[in-house]
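*Asks:* One line per chain: the protein sequences are L and B, in this order. For the first sequence, the positions run 61 to 509 when my numbering is used. For the second sequence, the positions run -4 to 503 when my numbering is used.
Just to be clear, a hint being listed does not mean it is correct.
As the list claims (entries may be wrong) - Computed cross-link-like contacts, DSSO-like style, restricted to lysine-lysine with a CA-CA straight-line distance of at most 30 Å:
hint : chain 1 : residue 1 : chain 2 : residue 2
1    : B       : Lys167    : L       : Lys146
2    : B       : Lys137    : L       : Lys381
3    : L       : Lys423    : B       : Lys236
4    : L       : Lys190    : B       : Lys204
5    : L       : Lys203    : B       : Lys204
6    : L       : Lys306    : B       : Lys135
7    : B       : Lys215    : L       : Lys203
8    : B       : Lys157    : L       : Lys190
9    : L       : Lys423    : L       : Lys331
10   : L       : Lys203    : B       : Lys405
11   : L       : Lys316    : L       : Lys336
12   : B       : Lys397    : B       : Lys386
13   : B       : Lys140    : L       : Lys184
14   : L       : Lys217    : B       : Lys157
15   : L       : Lys336    : L       : Lys306
16   : B       : Lys165    : L       : Lys390
17   : B       : Lys386    : L       : Lys425
18   : L       : Lys423    : B       : Lys243
19   : B       : Lys157    : L       : Lys390
20   : L       : Lys217    : B       : Lys237
It is worth saying that the hints were derived from the structure and are not from the lab.
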Amino acid sequence: MNFSEVFKLSNQLSKFSPNGKFLASCVQYRLVVRDVSTLQVLQLYTCLDQIQHLEWSADSLFILCAMYKRGLVQVWSLEQPEWHCKIDEGSAGLVASCWSPDGRHILNTTEFHLRITVWSLCTKSVSYIKYPKACQQGISFTKDGRYMALAERRDCKDFISLFVCSDWQLLRHFDTDTQDLAGIEWAPNGCVLAAWDSCLEYKVLLYSLDGRLLSTYSAYEWSLGIKTIAWSPSSQFLAIGSYDEKVRILNHVTWKMITDFGHTTTINNPKIVVYKETEKSQNLEMENLPFPPTKAAASSLFNTESKYEVVSTPVSLQTSKPVTDRPNPKIGIGILAFSPDNCFLATRNDNIPNAVWIWDIQKLKLFVVLEHLSAVRSFQWDPQQARLAMCTGRSQVYLWSRAGCVAVQVPVEGDFQVLSLCWHLSGESMALLSKDQLCLCYLENEGVK
Amino acid sequence: MGDWRTITVPIPSSESKNISQFTSEANMSPSSLYSQQILCASLPLAKNVHNFFRAFCTEENVDQSISYLDQELTTLGFPSLYEESKGKEVKRDLNIVAVLNCIHELLVLHRKNLLAQENVESQNLKLGSDMDHLQNCYSKLKVQKLQNIISSRATQYNHDMKRKEREYNKLKERLHQLVMNKKDKKTAMDILNCVGRADGKRGAWRTGKTEARNEEEMYKILLSDYEQRQKQILLENAELKKVLQQMKKEMISLLTPQKQKPKEKAEDSSGTVLSDVEEDTSELSKENMWELSCETVREQLTNSIRKQWRILKSHVEKLDNQVSRVHLRGFKDEEVISRQDHEQETEKLELEIQQCKEMIQTQQQLLQQQFTACDDDTSSLLQDCYLLEEKERLEEEWALFKEQKKNFDKERRSFTEAAIRLGLERQAFEEDRAGWLKQQFLTMTSFDHKNSENGKPQSAFSESSDQDNLTLHSEPSVCTSKITKSLPASPSTSELFQTVQHISENRY
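In isolation and in its complexed conformation, chain L is listed as follows (with noise of 0.2 Å):
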């Protein structure tokens, strides 16, 4: 593995381009575009204002920054710097933005959620959108870019609308049985539309792309419901993870449960392998780090290095017991990830933060777990397989694959909390977050940097 040096950054914004050539970044108000194998800077462009939001476009020709406080959106193009481009949302005021999947237009959503204002780089032409829902994943589209579909509100009832997002014509809307409507989601195949409600009621609906009802699945009542949710990249099974610690897969053929995954505090079988991040005792170890010792001798006085270690069950892991009175506590299934090929579902239960569960689909049955020194803050799957990376905060990148795990140091100077991590579509390398830095790695598969 060998890691770029490092790299100023703003709000962790930092973002691969979709054709895997370019990598943008914010530093304050500038964006920062470099070609990803060389790291030259290729464009340097400057906002009114500090970036909030950074989206590419999805052939890669243009990226909008978002600026909230301001209200603004400017979009810039790469193939022509000098071409510029900017919204003012004005007293509308501006909560989100984002692109629509041809590239050509946008969506802004104002402020209180009053209205989406459709934006087209082509014409000029403005749209609106009323009564759009404020929710945690209001928009939706379809992997092929074809429909969008939005959660809108009227008169205190959850409605859908689907939109071909070609010419924005509505095809069609239908009102949903839920009490709050907490957030949608296309099947990646793009023909089945999840809808599930908020955290007070476990329901997940769903709807066809004729919009007809398919099934409701609801697996209890009064207690705290869905926290997130995730489809298979083959649209096989919706994974469903709830506050009760538990994470339930539904079949796409008759959308029933086949099977729940239960996060234990205690693992007693044999069979899984549980690995443990031990700390390593300090001027030991060296040979993971490429950069020349002296470096790593600095680098090591200030961070305690860890490594995996294959501990035998009975484990018992760590918890941390959520405070109850409090709103949307710390307790449930957080993240859920689907790997590439649809063979892996990784999961953290917040309950249990420091540890990493990755799930069997073939089998349906608990593969590995991997339990670390402080709590995990993201994961992802590698685009091209099944390799997952991890990051805890502390200055180390931890991957895990089928041949095994392994937890690499940031060989930089001072402190590297990588705080979230994202991989570039070739698998080939990963970006690592801090709260101001960036710093990229290419993993060993090709060539050296």
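Given chain L, put chain B in place with the hints provided.
*Replies:* Relative to the frame of chain L, chain B by itself:
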């Protein structure tokens, strides 16, 4: 008084220590013994009865025990144990009747107490279970109550939320109006130049046609998805059917070699197997025609698989039984089979015995009825008739049976006699043979040219049994020569031959 003193109770040696302990204290006042007895009272009565007998009263303190018992019983309300004193005698005689009555009363009381105790215990149990049940109900009720509270609160919150939301919507509308009305020049897009569309085409107006086209597109997408899924499912189905067919074929092939096995087993299994094989061949041809998509074909397949599986299961179970039996009694095939035969025979016989027993019972009943309930003449007559019929039948069968038995005995006897005779004759014959051999040796040279006269007697020999043939054929010349030469000398040999023939005839 002397009577009950002579009761000797056998005491095991292990308890002798206790007894000596008790007896040593017997000379003390009975009240101290009484406390000890209370301690012993909780132990099983049967064991310590002997202890009591020895512990409380011994030969030395009889009077004291009587007086003590009398005291206790009178305080409890029982009549005195002593006889009424005639005159002022110090020593009073024991009233045995009173004693017995007291004992009886005590027994009755004891029984009553036991009953009462039982009742109390059962009541206790009932109350305990009732308590548990009530506690469960109570907890369930609590849960239900809480749930009701939660639901009522939830509806209240929902209502409040809706109210607040409506207010909020009103505000939003107001704000929206203000924002829209302001005609903000700022709300605009400042763009250098329009960008071309991603696909390079020009944008089209939104018309009814485009709407229709969009609908069409959408349905096409859905249809293609369904078609794909259906294809997958068909493939899966076909594979599963193939697997099932294979399984069926394998099961059939496993079961058909059983034709060589003993008849009883083969009859039921192979028959069905054969019929199945016929069925399957016809099925297969059918399926090839219908391409495995018909409901009836599917049902047939699953049914035949189930049947085969059942047969296979029963076969495996039989094999298991056989193996376990063989394992226990040694590995001999014939024994196994004969034992199975034997068991079947025993079963049959048991059945027969059962039937006979039932018959005897019914006959007994009828007999009883006949003897006891003779109110109705006709019924008794009828019963008589039945009985007579039965009796006659029985008698006939008995006669038959006796005859057969006699015949069997006769035959057995004759066989044994014949066997004995044969044995004796054989012995004699052997002796003779030995003698002849000797003579032959002696007269071998002189009788060579008389070998040609063998014809007639030889034919007689050829009729005899195989064993005799073997022995006789070896020396036909000798025998004939013997006959011709020694006929007048030893008539017994010819007799022997005749009897041998006779025996051989008898045997067959």
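*Asks:* Against this structure, judge whether each hint is valid.
*Replies:* Okay, the hints, checked on the actual structure:
no.	hint	result
1	Lys167/B <-> Lys146/L	26 Å, holds
2	Lys137/B <-> Lys381/L	26 Å, holds
3	Lys423/L <-> Lys236/B	23 Å, holds
4	Lys190/L <-> Lys204/B	25 Å, holds
5	Lys203/L <-> Lys204/B	25 Å, holds
6	Lys306/L <-> Lys135/B	25 Å, holds
7	Lys215/B <-> Lys203/L	16 Å, holds
8	Lys157/B <-> Lys190/L	19 Å, holds
9	Lys423/L <-> Lys331/L	13 Å, holds
10	Lys203/L <-> Lys405/B	104 Å, violated
11	Lys316/L <-> Lys336/L	35 Å, violated
12	Lys397/B <-> Lys386/B	16 Å, holds
13	Lys140/B <-> Lys184/L	61 Å, violated
14	Lys217/L <-> Lys157/B	9 Å, holds
15	Lys336/L <-> Lys306/L	22 Å, holds
16	Lys165/B <-> Lys390/L	34 Å, violated
17	Lys386/B <-> Lys425/L	79 Å, violated
18	Lys423/L <-> Lys243/B	27 Å, holds
19	Lys157/B <-> Lys390/L	27 Å, holds
20	Lys217/L <-> Lys237/B	52 Å, violated
Of the numbered hints listed earlier, those contradicted by the structure are 10, 11, 13, 16, 17, 20.
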